[in-house]
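Given these sequences and hints, build the entire structure.
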Amino acid sequence: MGLKSRSVMVVGAGIAGIQASLDLAEMGLDVHLVEESATIGGRMPQLDKTFPTNDCSMCILAPKMSECARHPNITIHIKSSVTKVTGNPGDFTAKMVEHAKYVDPVKCVSCGLCEEKCPVKVDDEFDMGLRKRGAISRSFLQSIPSEYTIDKDRCLYLTKGVCRICEKVCPAGAINFEDKDIEIELKVGAVILASGIDAFDPIGFGHFGYKRYPNVVTSLDFERMLSASGPFGGHVLRASDHAEPKSIAFIQCVGSRDESIGHNYCSSACCMFAIKEAIIAKEHMKGLESSIFYMDIRAFGKDFDKYYEKAKGQYGVDFIKSKVSEIRELENGNLSLRHVLENGKIEFAEFDMVVLSVGLQPRKNSVRLAKNLDIKLNEFGFCRSDTFEPLKTSREGIYVCGAMNGPRDIPESVTTASGAVADAVKYLRLDRQEIAEKKIPEKDIVGDRPRIGTFVCHCGINIAGVVDVKDVAEYAKDLPNVEHSEDLMYACSQDCMNTIKQRIEEHGLNRIVIAACTPRTHEPLFREMVSEAGLNPYLFEMANIRDQCSWAHMNEPELATEKSKDLMNMGVAKARELAPLERLPIEINPKALVIGAGLAGMTAAEALADAGHEVFLVEKEAELGGNLRNIYYAFDKDPQELLAEKIKNVSKNKLIHLFKSTKIEKIDGYVGNFVTTLKTEKDEQTLEHGIVIIATGAEEHKTKEYLYGESSRIITQVEFEEMLHNGNFPTKKLKNVVMIQCVGSREEDRMYCSRVCCTKAVKNALTLKKKFPNINTYIAYRDIRTYGFREKYYTELRDLGTMFVHYDLDKKPEITLVDEWDPDSQVNVTIFDPIMDKEVEVKTDLLVLATAIDAKKENIELGKMLKVPLNADGMFMEAHVKLRPVDFATDGVFVAGLAHTPKDIDESMAQAKAAASRALTFLNKKAILAEGTICEVNDSRCTGCGYCEQICAYNAIEVDLEKEIAIVNEALCKGCGACVASCRCAALDLRGFSNEQLFSAFDALEMTNILNN
Amino acid sequence: MNKENTPKIISFLCKWCSYTGADLAGINRSQYPTAILPVKVMCSSRVDPVFLIKAYLRGADGVLVGG
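Just so you know, the protein sequences line up as chains A and B, in that order.
If you count the first sequence from 1, you need to add 5 to reach this note's numbering.
If you count the second sequence from 1, you need to add 18 to reach this note's numbering.
The set of hints was computed from the structure by calculation and includes no laboratory data.
Treat the hints with care, as some may be off.
Below 30 Å or equal to it, Euclidean Cα-Cα: the simulated DSBU-like pairs (lysine-lysine) are [as the list claims (entries may be wrong)]: (1) K448(A) to K33(B); (2) K137(A) to K33(B); (3) K979(A) to K931(A); (4) K112(A) to K21(B); (5) K72(B) to K482(A); (6) K482(A) to K33(B); (7) K776(A) to K737(A); (8) K33(B) to K979(A); (9) K72(B) to K69(A); (10) K33(B) to K443(A); (11) K506(A) to K33(B); (12) K33(B) to K54(A); (13) K350(A) to K817(A); (14) K817(A) to K326(A); (15) K72(B) to K979(A); (16) K21(B) to K475(A); (17) K72(B) to K315(A); (18) K33(B) to K872(A).
Now the in silico label distances, taken between C-beta atoms and shown as ranges [unchecked claim]: (19) Q49(B) to K862(A): 42 to 48 Å; (20) S498(A) to C35(B): 51 to 57 Å; (21) T800(A) to Q49(B): 52 to 58 Å; (22) C35(B) to L346(A): 41 to 47 Å; (23) C35(B) to L814(A): 48 to 54 Å; (24) C35(B) to A248(A): 51 to 57 Å; (25) L814(A) to Q49(B): 28 to 34 Å; (26) V451(A) to V68(B): 23 to 29 Å; (27) E314(A) to C35(B): 39 to 45 Å; (28) V68(B) to A958(A): 56 to 62 Å; (29) S245(A) to V68(B): 42 to 48 Å; (30) Q49(B) to S498(A): 24 to 30 Å; (31) L346(A) to Q49(B): 29 to 35 Å; (32) P51(B) to K89(A): 40 to 46 Å.
For every residue, glycine included, the Cβ atom is placed at its ideal position computed from N, Cα and C.
Structural data, given as structure tokens:
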């Protein structure tokens, strides 16, 4: 196995590609991240907010982007495309072309002068054409890399041989018209594809008038309008008259669920997308009326239904179940929608603006990419994968994630990305990593008086154009303890950093202050430089005089200079108080504990064992398999075969230790060092392990509704599936079968969608119909949520003649027994049919109830043991709904499967692999370093009151009841400092942000309270 | 406004949100008065009420806590 490669290629740098790269890089592998555009980030930066939390999209993505850019194991290739992959898994040769950028990224300082002066103005793709960009440009403000590139098809010089203005105005001399495309050949062990999706272009839908009627926009156009950093600064205006719209209509399924264009699939994300936009638009514009025209609202994800209910109730968004057939423009620019209601009535409605909720479709380049990589596409042009191997392409060693193999939202893209990594590592060489040793020994400065060096960066003209940089550097010279001060052109350039290192040596400096851009992007770089000069990296402070000064006060140069001096003063004062901090190593035990041996648990255990780790797989039941034991059909696949295979795999794998009929009694410890006590009927034993994966599953809700239990003819979907399989129906004469959806789901006690029941009903009805074509089937539903490619089975079932009857919560179907005294009585179902506009009654031989999925009661106890939270529904709550879908805020604990939220077979498997992959980022290290900026307790002051213990969100403080003092667990502390502020005895302090340090920062200022004088 | 009558507002900004937000304001070239003097903290919960009092006692014209 020594032949395995340590290199891996990730194609596509959207959120999925970024996540996959970060996981691989954290495992110590060399990642080549290949991206066709000029920046990483993909679609997320275009979004204003994300559902269901309304988090700012860019704000949550930016840290991952910069982590990706900074990671020493990740090489980003922008403007690059893969041309061929040859060889075998573990030993691929990938060829790609890195296209010319015409700007030297080392020299470019991203000042933007070039774009300002560029005479070419073209529609900006990032802002959906709502703004113009130059031929030299960057995608967006926070793009990574941040350097500009030239669009060679638009550049006047490169197309017509004239201009070169950018070359003249560039202060850094970064323009290079001689730049050429380069061919690169890489040796990689595996390839992960994450090249994403395109939005459907509704230009071909003449009846909606997109681009013909100025006030008809797509949901992505609208997203850019809503964005505060967008072309309109967050003010939604109609294109026709620049008036603020008073009413907006959203039209769903534009380019989705549409057989006429070959899109017989649901795009999965657009319902929530539209609800989000309707809510945000209402927040932006008081009194706005927003209406959503839909077929089914598919709010099937975690906490989505609560968001939908909030839109209806709190925000008053109008939901109209109706199909829009045509849009016409009126004289005043308003739009008239002709739409058909459920009962067939045609109505007209007038709106100021219309947003088309465009669906998702395969990328334009997907066919070419598939050809280059020799992988197969499915009937819709998405990358083909299998339900039971959801992340594998048709070619061994090449894996797929994100929306490339099916429409997917952000958390699922992140999940599948991590999951694909767990699959890919099979062909990669994983060595447990040591903590990298410090190259340069650290000088001991304890006891030395502070000798501070200050450096002020010009940043070209970014700072120096506003702030008098030399004046600031001169001012700093007179500050106490400052031994040396100077100004530098670009402090972050290699030569300037060498200068700083030299000055540290020359003047014996022991603390450094750099007044430049923001520590958010540059602190890691400068810290590294400081440690290369032999100083502890925490003996460094930054004064942000660009982002928070020169750029924010461009018209007040004098005051900006004064503020820069203040910021420098504050920086120097804090630096004086800085002390060297140590990052303590935390050993990582390489073994893993997986709780629950259902499909998710078994899949996770297998993935971890495949990567060479011992796994303790604990199941409280006597049998393995969990809910999968009751699933007999998965369209063209056999779940029982999958079950048998998984059981065989985990049973025979020597690295997996199985514990059946075993309960978890106690879990102590923290990341890398957990100690768990297991209990069986006979005995107890303790295990030591480094991480925990929770895969405890969920259970079927036991309903009391619809006379369940009063006749053998009233059964649940799970029971029905078993009957279908065994053929033992309560009656031989099956003529009518009625199914009722959402039994217990999406109601007051359980305000969530159980996600799988619509597909399950469709699947079981199809199986029944195929076995017995003459049986009449009826499905009473609230919204049919056959998302993604499941949609085609729904259409197939409708074509086979199943009646779908829509009901509302206030008009639930009514059930009576035909013979109350007969335990096998037939059942009368009375339901209001909105299509016929009247009540209908069906005498049915079987009534099948799609009962909800309930969280397990045991979650509460387990959550307490592991110190991880549950949501209101009792499901485990991940660290971040969007970007950390399998992690918890507590390091080393992960979740997968139904314990997280209801999900299907393929989704459980993908998530289980994701949890394994995230776990491997820890397990593949011998030790990790705790943060330096953590809390410390002054034992002599602490009274052990325990207030800090209650406040700490990370469970990092515990009171030692014997000694009566609080003890900080350095592995768990995130350094937020909440405990410090809460401590009544001033016994706590935060290293690097101590009371003294923070106070000295503003204490140094010359302040006279002018407002009150 | 000039140097003498520019108020000083000590602003405790959370590293994760409002400090990043202040950076973004700069990136967007949103203009605001120079009175804002940022003090980066790891979390707004780090801000002890004592900081506010000390800032005022030292002569600050205002204190802003962003988190």
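Now the hints, each set against the structure:
{"no.": "1", "hint": "K448(A) to K33(B)", "in the structure": "holds, 29 Å"}
{"no.": "2", "hint": "K137(A) to K33(B)", "in the structure": "violated, 33 Å"}
{"no.": "3", "hint": "K979(A) to K931(A)", "in the structure": "holds, 21 Å"}
{"no.": "4", "hint": "K112(A) to K21(B)", "in the structure": "violated, 36 Å"}
{"no.": "5", "hint": "K72(B) to K482(A)", "in the structure": "holds, 27 Å"}
{"no.": "6", "hint": "K482(A) to K33(B)", "in the structure": "holds, 29 Å"}
{"no.": "7", "hint": "K776(A) to K737(A)", "in the structure": "holds, 14 Å"}
{"no.": "8", "hint": "K33(B) to K979(A)", "in the structure": "holds, 13 Å"}
{"no.": "9", "hint": "K72(B) to K69(A)", "in the structure": "violated, 37 Å"}
{"no.": "10", "hint": "K33(B) to K443(A)", "in the structure": "holds, 27 Å"}
{"no.": "11", "hint": "K506(A) to K33(B)", "in the structure": "holds, 27 Å"}
{"no.": "12", "hint": "K33(B) to K54(A)", "in the structure": "holds, 20 Å"}
{"no.": "13", "hint": "K350(A) to K817(A)", "in the structure": "holds, 23 Å"}
{"no.": "14", "hint": "K817(A) to K326(A)", "in the structure": "holds, 17 Å"}
{"no.": "15", "hint": "K72(B) to K979(A)", "in the structure": "holds, 26 Å"}
{"no.": "16", "hint": "K21(B) to K475(A)", "in the structure": "holds, 19 Å"}
{"no.": "17", "hint": "K72(B) to K315(A)", "in the structure": "violated, 43 Å"}
{"no.": "18", "hint": "K33(B) to K872(A)", "in the structure": "holds, 25 Å"}
{"no.": "19", "hint": "Q49(B) to K862(A): 42 to 48 Å", "in the structure": "violated, 56 Å"}
{"no.": "20", "hint": "S498(A) to C35(B): 51 to 57 Å", "in the structure": "violated, 30 Å"}
{"no.": "21", "hint": "T800(A) to Q49(B): 52 to 58 Å", "in the structure": "holds, 55 Å"}
{"no.": "22", "hint": "C35(B) to L346(A): 41 to 47 Å", "in the structure": "holds, 45 Å"}
{"no.": "23", "hint": "C35(B) to L814(A): 48 to 54 Å", "in the structure": "violated, 38 Å"}
{"no.": "24", "hint": "C35(B) to A248(A): 51 to 57 Å", "in the structure": "violated, 34 Å"}
{"no.": "25", "hint": "L814(A) to Q49(B): 28 to 34 Å", "in the structure": "violated, 51 Å"}
{"no.": "26", "hint": "V451(A) to V68(B): 23 to 29 Å", "in the structure": "holds, 28 Å"}
{"no.": "27", "hint": "E314(A) to C35(B): 39 to 45 Å", "in the structure": "violated, 27 Å"}
{"no.": "28", "hint": "V68(B) to A958(A): 56 to 62 Å", "in the structure": "violated, 22 Å"}
{"no.": "29", "hint": "S245(A) to V68(B): 42 to 48 Å", "in the structure": "violated, 56 Å"}
{"no.": "30", "hint": "Q49(B) to S498(A): 24 to 30 Å", "in the structure": "holds, 28 Å"}
{"no.": "31", "hint": "L346(A) to Q49(B): 29 to 35 Å", "in the structure": "violated, 51 Å"}
{"no.": "32", "hint": "P51(B) to K89(A): 40 to 46 Å", "in the structure": "violated, 57 Å"}
Hint compliance for this structure: hints 2, 4, 9, 17, 19, 20, 23, 24, 25, 27, 28, 29, 31 and 32 are broken, all remaining hints hold.
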